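Engineer: First to last, the protein sequences are chains Z and W.
Under this note's numbering, residues 1411 to 1523 are what the first sequence spells out, in order.
Under this note's numbering, residues 217 to 330 are what the second sequence spells out, in order.
Since the hints were made in silico from the structure, they are not lab data.
Predicted model only: the values in this text are computed from it and were never measured.
Ideal Cβ placement from N, Cα and C applies to all residues, glycine included.
There may be inaccurate statements among the hints.
Stated by the list, open to error - Label-pair distances were calculated between CB atoms; the ranges are:
no., chain 1, residue 1, chain 2, residue 2, range
1, Z, Gln1455, W, Asp254, 40 to 46 Å
2, W, Gly219, Z, Pro1450, 33 to 39 Å
3, W, Thr221, Z, Thr1415, 31 to 37 Å
4, Z, Thr1480, W, Thr221, 36 to 42 Å
5, Z, Glu1473, W, Lys287, 31 to 37 Å
6, W, Arg326, Z, Gln1455, 28 to 34 Å
7, W, Gly279, Z, Lys1466, 29 to 35 Å
8, Z, Lys1462, W, Thr236, 17 to 23 Å
To be verified - Taking lysine to aspartate or glutamate pairs in the EDC-like style, the calculated list, with each CA pair at most 16 Å apart, reads:
no., chain 1, residue 1, chain 2, residue 2
9, Z, Lys1487, Z, Glu1425
10, Z, Lys1515, W, Asp254
11, W, Lys230, W, Glu295
12, W, Lys225, Z, Glu1452
13, Z, Lys1515, W, Glu275
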Amino acid sequence: GNSVTQMEGPVTLSEEAFLTINCTYTATGYPSLFWYVQYPGEGLQLLLKATKADDKGSNKGFEATYRKETTSFHLEKGSVQVSDSAVYFCALSGNSGYSTLTFGKGTMLLVSP
Amino acid sequence: NAGVTQTPKFQVLKTGQSMTLQCAQDMNHNSMYWYRQDPGMGLRLIYYSASEGTTDKGEVPNGYNVSRLNKREFSLRLESAAPSQTSVYFCASSTGRAANYGYTFGSGTRLTVV
């Protein structure tokens, strides 16, 4: 079946540091890949997505590239802000038939001033 | 522009009590989902409804039932609550092709069973 593995957190950074959160996946065929963000006390919000190999999703300074050869979709940001503190979830959806989203366990990011 | 609305936001139940979590979306989405979120476990799918009139089990359906009341509403029922069902519950909806669009989530219901 489908599965997503994320690096464990928390990831603790100072403001303006470079961020990488690793995500790898196992799936048959060619899934679509997503990053969601959850701010404290809120639901999940779609941050970015990529639907085919070599696509780059981007939003709010965050980027992730769909790497089929390494089955990865790592999240990056060049300069984090305190307001980026949140839990980040990597997820995938199969592209054949009806498929639901499978989520990783989430990675907490804490950014200090 | 409400999106996905969940009620209640917080609930405390005693073991053995029953309750229904309500979810409604105003985006004309075909598919709706219930997930639970537990520390260190991420989000796990309880039940989903691919379209009005259909429901299917997800990864962790035991102890739950669902009803797709109409296209807008999808409720989750706990018939006899257990402490293991203490969790944060999220409802989500999609146009039906999660692979293209992903999901829109509600803000969650925090349930404690004592």
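Engineer: Each hint should be assessed against the structure and marked as holding or not.
Structural biologist: Hints, verified against the model:
Evaluation of the 40 to 46 Å hint for Gln1455/Z and Asp254/W yields a failure: the beta carbon distance comes to about 20 Å. With their beta carbons about 19 Å apart, Gly219/W and Pro1450/Z fall outside the hinted range of 33 to 39 Å. For the pair Thr221/W and Thr1415/Z, the beta carbons lie near 33 Å from each other, so the given range of 31 to 37 Å is met. Distance hint check: the CB atoms of Thr1480/Z and Thr221/W are about 40 Å apart, consistent with the given range 36 to 42 Å.
The beta-carbon spacing between Glu1473/Z and Lys287/W, approximately 36 Å, falls within the hinted interval of 31 to 37 Å. Judged by the Cβ atoms, the range 28 to 34 Å given for Arg326/W and Gln1455/Z is violated: they are separated by roughly 18 Å. For the pair Gly279/W and Lys1466/Z, the beta carbons lie near 41 Å from each other, so the given range of 29 to 35 Å is not met. Roughly 40 Å separates the CB atoms of Lys1462/Z and Thr236/W, a value that falls outside the hinted 17 to 23 Å.
A hinted pair counts as satisfied when its Cα atoms are at most 16 Å apart, and Lys1487/Z with Glu1425/Z qualifies at roughly 12 Å. Annotation: proposed proximity of Lys1515/Z to Asp254/W holds, straight-line Cα distance about 9 Å (limit 16 Å). Between Lys230/W and Glu295/W, the direct Cα distance comes to roughly 12 Å. Compliance with the 16 Å bound is thereby established for this hinted pair. Proximity of Lys225/W to Glu1452/Z is assessed by CA-CA distance (about 11 Å); at most 16 Å being required, the pair is judged to hold.
Simply put, Lys1515/Z and Glu275/W have alpha-carbon atoms about 14 Å apart, close enough for the 16 Å limit, and the pair holds.
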